[in-house]
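Dock chain to chain to rebuild the complex, using the hints, since each chain is given by itself in its own frame.
From first to last, the protein sequence lines are chains B and D. According to this note's numbering, the stretch in the first sequence is residues 3 to 689, in order. According to this note's numbering, the stretch in the second sequence is residues 11 to 161, in order.
A portion of the hints provided could be inaccurate.
[Unchecked claim] Not everything, but these chain D residues come out facing chain B in the computed CB check (under 7 Å):
(1) Phe39
(2) Gly43
(3) Gly47
(4) Cys107
Hints are computed from structural coordinates only; laboratory data are not their basis. Think of the CB as a built atom: it goes at the ideal place given N, C-alpha and C, for glycine as much as any other residue.
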Amino acid sequence: MRRRTFLKAAGGGLVALIGAGAAVWSQAPIFPKRPAPDAASALGWISHRDGAYVLTLPRIEMGQNITTALKQIACAELGTDWRRVTVEMHDTNMGRVRATVGSESIMHFAEPLAQACAALRDALASGQSEGEVTVVTRPFADLRAFRAGPIVGASPEIAHGRAIVTGAPLYAADVTRPGMLYGRVLRAPASTELTSRPRRWNSRAARAVPGFVAIVEDCGPPIGKARGLGIVTSRPGALDPVARALAVEWDMDDAAPLPDMAMLIDVDAHAPGGLPHLVLDGAPQDGLWDVDMRLDIPLAAHGPIEPRAAVAEWQEDGLSVWSGTQDAFYVRDVLADAFSVTQDRVVVTSCRVGGAFGGKTLCTVEAEAAALSRATSAPVKIQWTRAQEYALGFHRPPSSHRIRARLAEGRITDWDHAQVSSHILFTGAGVPAWLQTGTDMVIGDPGVARGMAAPYKLGRARAAYDAIRLSVHAGPWRGLGAGPNGLAIESAIDEAARVAGVDPLSFRLDHVTDPRLSDVLVRVAALSDWSSGPPQVAGARTGRGVACGIYKDTSYAAVVADVAVDACGSVRVTRLWCAHDCGFVINPDQVRAQCEGNLAWSVGMILTDDLPTQQGRVVAETFADAPIPRMTDLPEITVDLIEGTGPLSGAGETAIVAGPGAIANALRAATGRRATRFPLQPTEFAL
Amino acid sequence: MSFILNGYRQEPPAEWADEPLLFILREHFGLVGAKFGCGVGICGACTVLVDNVPTRACITTLDDVEGRQVQTIEGLAKGETLHPVQQAWLDHAVPQCGYCQAGQIMTAVALLNDTPAPTDQDIDAAMDGNLCRCGTYPRIRAAILHVAEGA
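Just chain D, same shape as in the assembly (with noise of 0.2 Å):
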């Protein structure tokens, strides 16, 4: 049971084969970036990218990435140079606590990657289902068409 992660091909040990790909990530290969905020798929913080799709990590199993593309935050950036997503976050200075931000970013890299040009409603439509409790939406939004704009 294999798949790409980050570009490259890992397979999880056997007894890994039925944890949550959110564990999987986290506690085997210490790719910490998606957190665990509900374990139900609800609040987006374990957001990864399975063939550029933001899928919830800890409601995704090994098979359902067999084979497939796993994208996580820390697969963005290109050595010291980052991803323009996340140099809007910095530059915007969206994150409050930070515990959200790394699901937030792989929703707005996939809604980037699908329409680089996105309306506020596409933006509501691809964000909405990531939960911020600090409230960092506004600056959020703000980030996202700002890449717009440079793209």
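The shape of chain B in the complex, shown without the other chains (with noise of 0.2 Å):
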């Protein structure tokens, strides 16, 4: 199909089915690169030119607001002006960068981006203006990005703050291009773990719909094994309507019902001390225990606002994309593959992206909208459903979890953390079950281990783990495992104290090894006034509770919540308090604004977050089927900053360890009842 006759048949209402059968795609799978960032490869983000600088940003924009922070280092280093500098996102027309993950922005870009300023400073110093600059990377107490200053330290009015309170155009549904059509891409209502294809479907009706383009059949690569059949139009509007009267019927691989989730990854049906992957090898001697727990955490979405959404036009030259993803770099490397051409004739230009969470990192909608725009020669814009998000993302997986303690004279001295879930780093979504198979014998999922290691001395401790591959794909997801390790920890804890009759935050004190998480505790209880308990609500019992915890080993939350709990069991929290270590900190408020999203994730953990399945796949369709926190759920929020010396850290995924067990031994105070399965059941709770 030529564009012109394309445009043609369009044009005078006639249709276009395109493709005949589905191509053959690539099974072996693409991995994300991941280079470590350095200052020479930092020279490539920072260009000076008349006065002014162009920032080009090595990081995604998701809302964790890294293009004002490294504006700010930017600025610092440089010595120039906030207005002199600019910042661009990226496209992979840029040095490659690893995808936007794990909270490692600061950690891992900032002195790198100073290095390279400091570099670019000097030879414009030294009368320098035009050509390459080298780097002689300085020691890092010689930057000047590191040091409090009118600049550093503060909080600027946050970059694209403007375009965002005005509405204007900054994500990839916002793009537009001349000629530009809209695709869907439809795929059976089955598990992508299964193979699906369309069977047949109603071309006749789809095309008397006003609006309808094109039936593509050759739609991309499968997303997990599910074919799909593409249809563009003219209006987005029609995509509902066409998708309707073409009442697809699927082949689907369905012979075999799928085994129940929650069966696979019970923890008790596992054998005890059997689990194949240790984080802490200690023994825990056999015998009575004092706490021996059972937590169930359910399967979640992201729930990101935006659905992923991505514009795709073919040229001459090439392909290019516009997407809202977490690694442009990835997409590139995937689209190439899929569509047989040379990486450098493939461009994908990062978005900002309407909320991510983990979920955005790997190549969909991209290649939808791909194969949609080279089958009908004009540009296509994809933006998925609400259903599809839920139905062919990846989520956080489901785990269980059970938690033996045993203590003397007031100290734990055996801990055993067994836990069962699905993968998380190796995500089936993007690793097929033959390779999995080998992770799992070499390396098990680090991403479910991240957290197991509780952060105490807990005298002979075994923590170990299984990843079991499901039929809905489970993957990275804010704070990876640690969220529900921490939960689960932090529940167990709490336990625990009350076991040897200690005050739970005294008892943390007592057993916590690293002065930095100590310190949090202490300046949280301060914070909070800890021991004045919570405050009376009429008609409620309420409790107050305490969790801590370190993100990756290198920044420290310590949480305090109060609940009010009614004769129904509804629980609501009523504060929130926390004080946050993660090292020198660039931006205090946009640190902060990130320790507040971590406790509305916190609350979310304990109050809505669950995804439903039904018969091995996702039947939620809507906000409705998969609620997230509300306005009302959330209650006023203090957090309190340790701006320390200390190493640049993250700060995305640090609160959420300690969170979600604050509230959950809120719970335990205000009821006595301790939660085991999330989101909350008022039942469990009422009077």
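This is the structure we're talking about:
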């Protein structure tokens, strides 16, 4: 189908049926490359002309406001005015940078950027005004960016702020191209772990829908094993009626019923001590346990308000894609492979992302848009429906935990944490089963393990897990395993404190080994006036709880929560305090914002997050089926930052290690009942 | 079929008559501030004001707005001068990812138009239907109260 004939066909109200049978797509997975950022590559992020600088952001912006923080670093190191630095999102013409994940942007990108800016500053001072700059790495202490000053340590107006509040285009779905069409790839209502493909459909009915342009059989690689059928329309509102009119019937490999996910990950169905991956390798002694608890944390969606979107356009020199992805380079690599073009002929432009939380790390909607664009020889925009987000994305895995503890003289002497979950870093959405068998044998899944090594003196301590491939794909979700593991560990520590008869905050201080963790506990105790307890709420039981944790061995948080529980068992979080230490702080207000976001997610983990499934597939279609916290779910939040001189670290996933535990422990204090299943069921806490 | 869009009478072409207002705004008029979030009126990212009533553009038809005033986030500022709610959103650094914020702001504008000094309960009632996954709710509340105090 060539552009001219196609346009003529569309313009004349005729139809195009494009492609005859689905292509054979490569079965070899492409893996994201993760180059370590260094000062030399950082030179590619900053440029100077006539007294003005352009900072090409080496990260994607998804609300962590890294744009503002890196601009602060550049300005401070260059010694230039805020208005002289323009920040641009990157495309894949820049040197490769790795995915924006894992709260790494300040931790790993700030210093290389400062080194490059220092080198540029020196070059300009020495009279060099064009050509390449060489960077000689200087000691960290000699960099100007990491000293509090008028820019660093301050909180200037956030980058893109004005564009956001005036509705200017920023996101992938805001991109428009001349002659642009609208697309969707329909897939079977089935687990993406099962092979499925369109069998037949009503082309005639679809053609009759005003705005219909094309049906595209050759519509890109499968998602999981689900092959699709593409539709293209001239207006976005025509997609729903065309999809309905098509009434696609699907061939589905659904002969065998899928095993029940809850059964597969039931920790108590696995042999005690028999879990394959050890995080703590102590040998707890046999005998009766003082604490023996089971926690079950469900499958959960990321739930960004922006369903993923992409615009793709093929031109003679290659493919251009605008995407709201966490990893433009990985998207580029996959597209080049899928469409058999060299990488230099694919340019992926990073747009601001409307919430990602780990969920926009693979190439999905981009390949769909590229395939439909290629088939129609026109630019195509695709934004997934909310239902597609649930059905075709990957999610936080469900996990089941058994934690046991034994105490003597007020101290934990034995600890055993067993967890069964599904894959996170080696997500089933990107890693085929045969390859997972290999990663399972060699290293397990560090994403599941994250946060499983409790930050306490635990005596003879074992922590072990297994990851089971499920029919609903799991993958990275804010904090990876750290949120669920923190909730499980902090619940058990709280029960251990009760057994010991010791105040839970003191009990934690007695068992903490890292002084920075002690510091945040002490700070949050003072901030919340811990010992005063929760204020009375008429007609409700009230309780106060505390929890703490360390994220990725680098950042620290302690949280105190107050809750009120009514007679029906409905739980309200009435107050949250957080003390947070992520080392030297570039932008205190935006670190606070990240803490607030983590606490909102903590409330969600306890009160709302759940992605319902039936027969091994996600059945949620709207936010009504997979709710997220609302304004009335969030209390007043106070965040206290320890703005230390410590090494740079992350803030995007830290407080989620402590927030859920603090809320669950407050609920225990209020009701005498330990929450073991989430989200909370009010009936379990009714009077 | 016409309506008043940010003060100007507009008449979308006939072939767009069946499109939801959201797509007419975004794809025909190029006003992309209102966002697609759920398509069924739950999340509020597409909120615009129809005769000052917060309205889900994703489930609103051209019939629904015929002859009426539709205000979008693009119609709030007067030239370079931001509406007080927009300014408060910047002063409190409300947005994280920002995707829901046009809808949040339009809902807040309508609240403050009707209730210049809202209580926390008024804010709850007005804002509870606008979802934000980043968790900016406490800042949204603070920004609204800030505007109310300055009024």
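Here is how each hint holds up against the structure:
no.: 1; hint: Phe39; verdict: violated (11 Å)
no.: 2; hint: Gly43; verdict: holds (2 Å)
no.: 3; hint: Gly47; verdict: holds (5 Å)
no.: 4; hint: Cys107; verdict: holds (3 Å)
Hint 1 from the earlier list is the only one contradicted by this structure; the remaining hints agree with it.
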